[in-house]
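Visitor: For this one, chain A is given, so just place chains B, C and D on it according to the hints.
In case you want the letters, here they are:
There are 4 protein chains.
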Amino acid sequence: MDDIKNKLILFNKERDWEQFHTPENLAKSISIEAAELLECFQWNNEYDIHAVSDEVADIVMYCVMFADKVNIDLKSEILRKLDENSKKYPVSKCKGSSKKYNEF
Amino acid sequence: MDDIKNKLILFNKERDWEQFHTPENLAKSISIEAAELLECFQWNNEYDIHAVSDEVADIVMYCVMFADKVNIDLKSEILRKLDENSKKYPVSKCKGSSKKYNEF
Amino acid sequence: MDDIKNKLILFNKERDWEQFHTPENLAKSISIEAAELLECFQWNNEYDIHAVSDEVADIVMYCVMFADKVNIDLKSEILRKLDENSKKYPVSKCKGSSKKYNEF
Amino acid sequence: MDDIKNKLILFNKERDWEQFHTPENLAKSISIEAAELLECFQWNNEYDIHAVSDEVADIVMYCVMFADKVNIDLKSEILRKLDENSKKYPVSKCKGSSKKYNEF
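Protein chains in written order, with our numbering: chain A, 6 to 109; chain B, 6 to 109; chain C, 6 to 109; chain D, 6 to 109.
There could be a bad hint or two in this list.
No copy is singled out in the list; a pair is fine if it fits within one copy or between any two copies.
Simulated crosslink set (DSS-like; lysine-lysine; CA at most 25 angstroms straight-line) [stated by the list, open to error]:
hint : residue 1 : residue 2
1    : K74       : K105
2    : K80       : K98
3    : K18       : K92
4    : K98       : K18
5    : K80       : K92
6    : K10       : K105
7    : K12       : K105
8    : K74       : K104
9    : K80       : K18
I should point out that these hints are in silico values taken from the structure, not numbers from a laboratory.
Fair warning: this is a prediction, and the values are worked out from it, not measured in the lab.
Here chain A stands alone, though its shape is the one from the complex (with noise of 0.2 angstroms):
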């Protein structure tokens, strides 16, 4: 993730884009980005598998972008959520169902 993170920085600073890469730019673009892999799924769930790899790998480097600009560590805030979901969905209430934690 590290290395990731240092050659989107770089590649940034070499095109001198940080000044359109607010935090809140990013979120629009994460949203952008997640929609046109959803585009790969409108009509039916035959999806091509370079369409979906280009789009899938555009979303998580405006991740890395957004996390550098917010100053979270992105892998920490990734463990912790998923230790909070462990807990908020148990095993023994979840399994097998796709409600969410509210509903059950």
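Guide: Same frame as chain A, but now just chains B, C and D:
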């Protein structure tokens, strides 16, 4: 990234949730979480650091799960895409500009 | 609204496109078009009036088709929701504030 | 549509909310509400009719407000776009196909 992936696979296996995690459903989930991040910036650009950390972590977790389901190596795809972007956006043409590659 | 709805039904019938227009696929389509509108504001708030007109028209067309597929009268639902919003957001409590109803 | 627009303008004026309703913020709001509609279909295609009615109403309300803020007549724009789509997607070429106009 592998560490996160393995923890996520275990988390979902324990809950018997793999049945819900088709590539299409995960693509929808990424868009849904991306919009929750965007909601942190709906009316202004003052954000709650805890809320944005939660949302960006959720997005990346779904991306890691998506990559696993469609059998791609997320890190390699990101490095490949970044390399392609370097060619699509040469420094000499796009420095300081937010234009798309097909606009300059 | 009825005029638009009837034109859209005919447009899709002629193309034999109703088969693709499940409520789920239309919901995805609305998100995809909404992100295209958002893209007009990705890096700044200067927008192209032609681009935003196209996108907002696309979104509403998909919403009209969605309402038709799930058998609701869009106009009545909007008037009902607006009425509920008036109660959820009483003027005395929310004047000049962008807080959500569960935050005040 | 005019009736809805006038009621929405009054609703927002009473609450002094026009200050938040820049075209950009409304574009974000449309994406956020679109994702809430998508969430009704996150794991399967069985939807709650009350939930989807609420969400599609919210989306169209924000679209009506957006059209008002950027000074376009939403109905005319939809009829114009539908007319353009008829030319972009001639029946003879696209009947029964979900391909994009640039794919056939």
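Visitor: First find the shortest C-alpha distance between K18 and K92 inside one copy, then the shortest across copies, and answer within, between, both or neither for a cut-off of 25 angstroms.
Guide: between (40 angstroms within a copy, 16 angstroms between copies)
Visitor: Using 25 angstroms as the alpha carbon limit, work out where K12 and K105 are close: within a copy, between copies, both or neither.
Guide: Close across copies (20 angstroms), not inside one copy (37 angstroms); limit 25 angstroms.
Visitor: Go through the copies and call it for K80 and K92: within, between, both or neither, with a Cα cutoff of 25 angstroms.
Guide: Answer is within; shortest intra-copy Cα gap is 19 angstroms, inter-copy 29 angstroms.
Visitor: Between copies, within a copy, both or neither: which fits K74 and K105 at Cα up to 25 angstroms?
Guide: between (31 angstroms within a copy, 22 angstroms between copies)
Visitor: Using 25 angstroms as the alpha-carbon threshold, which applies to K74 and K104: within, between, both, or neither?
Guide: The answer is between: 21 angstroms across copies meets 25 angstroms, while 34 angstroms in one copy does not.
Visitor: 25 angstroms Cα cut-off: does K10 pair with K105 within a copy, between copies, both or neither?
Guide: between (33 angstroms within a copy, 22 angstroms between copies)
Visitor: Given a CA cutoff of 25 angstroms, do K80 and K18 count as a within-copy pair, a between-copy pair, both, or neither?
Guide: This pair counts as both: shortest intra-copy Cα distance 23 angstroms, inter-copy 21 angstroms.
Visitor: If the cut is 25 angstroms between Cα atoms, do K80 and K98 qualify within a copy, between copies, both or neither?
Guide: Classified as neither: same-chain Cα gap 27 angstroms, cross-chain 34 angstroms, threshold 25 angstroms.
Visitor: Are the CA atoms of K98 and K18 at most 25 angstroms apart within a copy, between copies, both, or neither?
Guide: between (48 angstroms within a copy, 14 angstroms between copies)
Checked against the numbered hints above, the structure violates only hint 2.
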